[in-house]
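Q: Residue-level listing of the chains:
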Amino acid sequence: AQSVSQHNHHVILSEAASLELGCNYSYGGTVNLFWYVQYPGQHLQLLLKYFSGDPLVKGIKGFEAEFIKSKFSFNLRKPSVQWSDTAEYFCAVNGYGGATNKLIFGTGTLLAVQP
Amino acid sequence: KAGVTQTPRYLIKTRGQQVTLSCSPISGHRSVSWYQQTPGQGLQFLFEYFSETQRNKGNFPGRFSGRQFSNSRSEMNVSTLELGDSALYLCASSPSRGGNTDTQYFGPGTRLTVL
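Listed in order, the protein sequences are those of chains A and B. For the first sequence, the working numbering gives the first residue as 5, with consecutive numbering after it. For the second sequence, the working numbering gives the first residue as 9, with consecutive numbering after it.
In short, the hints are calculated from the structure, not lab data. Glycine is no exception: its CB is placed at the ideal position from the N, C-alpha and C atoms. Warning: the hint list may mix true and false statements.
Interface residues of chain A toward chain B, partial, derived using beta-carbon atoms under 10 Å [claimed, not checked]:
# : residue
1 : F38
2 : Q42
3 : Q49
Chain B is nowhere near these chain A residues, computed Cβ spacing over 12 Å in every case [said to hold, decoys possible]:
# : residue
4 : K73
5 : S84
6 : D89
7 : L107
8 : Q118
With a straight-line Cα cutoff of 25 Å, these simulated BS3-like cross-link-like pairs (lysine-lysine) come out [said to hold, decoys possible]:
#  : chain 1 : residue 1 : chain 2 : residue 2
9  : A       : K53       : B       : K9
10 : B       : K21       : A       : K53
11 : A       : K75       : A       : K62
12 : A       : K65       : A       : K53
13 : A       : K73       : A       : K53
14 : A       : K65       : B       : K65
15 : A       : K53       : A       : K75
16 : A       : K73       : A       : K62
Construct the entire structure; sequences and hints are all you get.
A: Below is the structure:
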C-alpha cells in the first residue's frame, strides 16, 4: 500500500531562516507528488506538484521541491521564510495511474514562523 | 469562478443518527473527491466520483456512502454515527477525467461533531 511520511510534525523558524520539510513515500511505481498548504482559517490549496520532467519543481510564493527517485523523497524548500508562511503543510502522492484523483496524504507539518 | 462550497459548515449530531453533507464543485469540474481529516489520522480518502459514478473508494465502513448528481454536485452520507466519526469532511473538485496529475481544489469543509 502507498504511504507518505512527513518527519517533522512541528517546525518553528525565525523570519528569513531557510526551510526544508521532509517527505518520503513508499511506492515503487510511477508517482505524482504534491505539496498542499493550509493557512490558518483557509482552505487546503496546492503549493506545487511533480509528475514528470525536471525533478526540481517551483511553486507559488517562492516554494520549491525536489523529487529524488532513488530516495523516494520529495522535500519542500524555501530559502527565506516569512511570517505569512505560518501554516500546515501536507505532502501527498498519487501512484494509481491515470484513473483516479485519489491522494494519500502525509500527517502534515505545522510551521510557525516567528517575526 | 466561485470555489468549492460545502454545506453545512458545522453540524452537531448524536450517536446513532445519520447525516448528509453536500458539496458543490467549481463550475465545469466533473470530478469530486471526499476526505476525512482528524487530528489522529490526518487526511484520509473516502471516495471519488466522476460523471455520477464512483471511481474509487477508501478504506471506510459501509456506513459511509456518497453519490454524485448530473450537475456534478455530490453528497456524502454517514449512517449510524459513532463518536469516532467526528472530523472535518473535505470535498475537492478537479476539472477533468480524474487524471492523476490534476490539481484538486478543496472546499472549506464541514465540521461534524458527534456527541
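Q: Could you run down the list of hints and mark each one as holding or not?
A: Hints, one by one, checked against the model:
Annotation: interface hint on A:F38 holds; nearest CB of chain B at approximately 8 Å, less than 10 Å. Because the beta carbon of A:Q42 sits about 9 Å from the nearest beta carbon in chain B, less than 10 Å, this interface hint is met. Interface restraint check: A:Q49 against chain B, minimum CB-CB distance 7 Å, threshold 10 Å, status holds. At roughly 17 Å, the least C-beta separation between A:K73 and chain B is larger than 12 Å, which holds for a residue marked as non-interface.
Separation of A:S84 from chain B is adequate, the least Cβ-Cβ distance of about 26 Å exceeding the 12 Å criterion. Remark: the non-interface label on A:D89 is consistent with the geometry, its nearest Cβ contact in chain B lying 19 Å away (cut-off 12 Å). Annotated as non-interface, A:L107 brings its C-beta within 12 Å of a C-beta of chain B; the closest such distance is 7 Å. The beta carbon of A:Q118 sits about 24 Å from the closest Cβ of chain B, which is more than 12 Å, so the claim that it is off the interface holds.
Note on A:K53 and B:K9: the hinted pairing holds, with a Cα-Cα distance of about 22 Å set against a maximum of 25 Å. Note on B:K21 and A:K53: the hinted pairing is violated, with a Cα-Cα distance of about 37 Å set against a maximum of 25 Å. Of the pairs offered as hints, the one joining A:K75 and A:K62 holds, with about 20 Å between alpha carbons and a cut-off of 25 Å not exceeded. Pair hint A:K65 plus A:K53 holds up; C-alpha atoms about 14 Å apart against a cutoff of 25 Å.
For the proposed pair A:K73 and A:K53, the alpha carbon gap of about 15 Å is at most 25 Å, so the pair holds. Under the criterion of a C-alpha separation no larger than 25 Å, the hint pairing A:K65 with B:K65 is inconsistent with the structure, at around 33 Å. With a C-alpha separation of about 18 Å, the suggested pair A:K53 and A:K75 falls inside the 25 Å cut-off, and the hint holds. Taking the CA atoms of A:K73 and A:K62, the gap is about 17 Å. The hint holds against a cut of 25 Å.
In this structure, the earlier hints numbered 7, 10, 14 are contradicted, and the remaining ones agree with it.
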